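Colleague: Here the sequence shown is numbered in this note's numbering, starting from 38 and rising by one per residue.
DSS-like cross-link-like pairs, simulated, lysine-lysine; straight-line CA separation at most 25 Å: (1) K70 - K60; (2) K70 - K55; (3) K70 - K85; (4) K204 - K187; (5) K55 - K66.
Using C-beta positions, here's what the derived DEER-type ranges look like: (6) H116 - I164: 18 to 28 Å; (7) K66 - D103: 46 to 56 Å; (8) E207 - L167: 21 to 31 Å; (9) L98 - E67: 39 to 49 Å; (10) M190 - E160: 18 to 28 Å; (11) A44 - L65: 21 to 31 Å; (12) R185 - L140: 15 to 25 Å; (13) Q102 - K66: 47 to 57 Å; (14) L65 - Q102: 49 to 59 Å.
The hints are simulated quantities; they were obtained by calculation from the structure and are not laboratory data.
Every value quoted in this text rests on a predicted model; they were computed, and no experiment measured them.
Beta carbons: idealized from backbone N, C-alpha and C, even for Gly.
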Amino acid sequence: MSGFSIALMLMIVFLSMKPTVLKANHSLKEARKAMVELRRRQQALSNKIRALARESLGQRLTAGQDDHEADELQSRTDHLKRMIEQLEAEDRRVLVMDERRGLSETGWIICVRRRPEAASPLEPSNITRLWDEGRYVFFFASDMPRARRKVLMRFPEDGGYSIVDVKPHEGDLSEPPALGAHNPDKQKQSA
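Assemble the whole structure, with the sequences as input and the hints as a guide.
Modeller: This is the structure:
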């Protein structure tokens with residue numbers, strides 16, 4: 038075999054391999070582009086995951102604070118409900134009926150009760166119950182008989198009212214006075 042024929046064979050082999058080499062180069066370039074695109078997508082997904090993780094952490098912290106605040110508000114609400122129940126358990130309000138005080142007058146706290154049949158049919162039942170237990174009123178008078186007269190002028194006996202107790206009260210009403218239960222049924226139940 039001569040050198041020409043070997044060269045010719047090599048040339049034929051190279052020419053036959055050229056499309057394969059070009060195709061391989063093209064595939065290699067596309068693989069590199071795909072890898073770059075894959076890295077870009079991976080980086081974008083990584084950034085999204087980090088952002089979602091930060092947001093999730095923020096929401097968890099906020100949820101923890103919200104739970105703490107909700108527990109605190111629930112505790113306050115429960116405390117206020119207990120206070121309301123205690124206050125509603127026994128009405129200790131003193132209705133101030135007289136604001137003018139003479140020089141020789143002192144304060145009097147009078148327990149007034151109304152018969153249930155004297156109540157208006159439209160009156161709420163809790164108000165009727167308060168009158169059954171006895172309501173406390175405050176008047177200024179120089180002595181007990183005058184205090185009774187003032188009460189009877191405002192709450193007449195023919196209107197179904199009766200005086201249960203009259204107590205002198207020194208000072209003002211900024212501190213609620215110790216008031217006893219004047220309902221005999223209530224006293225029997227507690228005994």
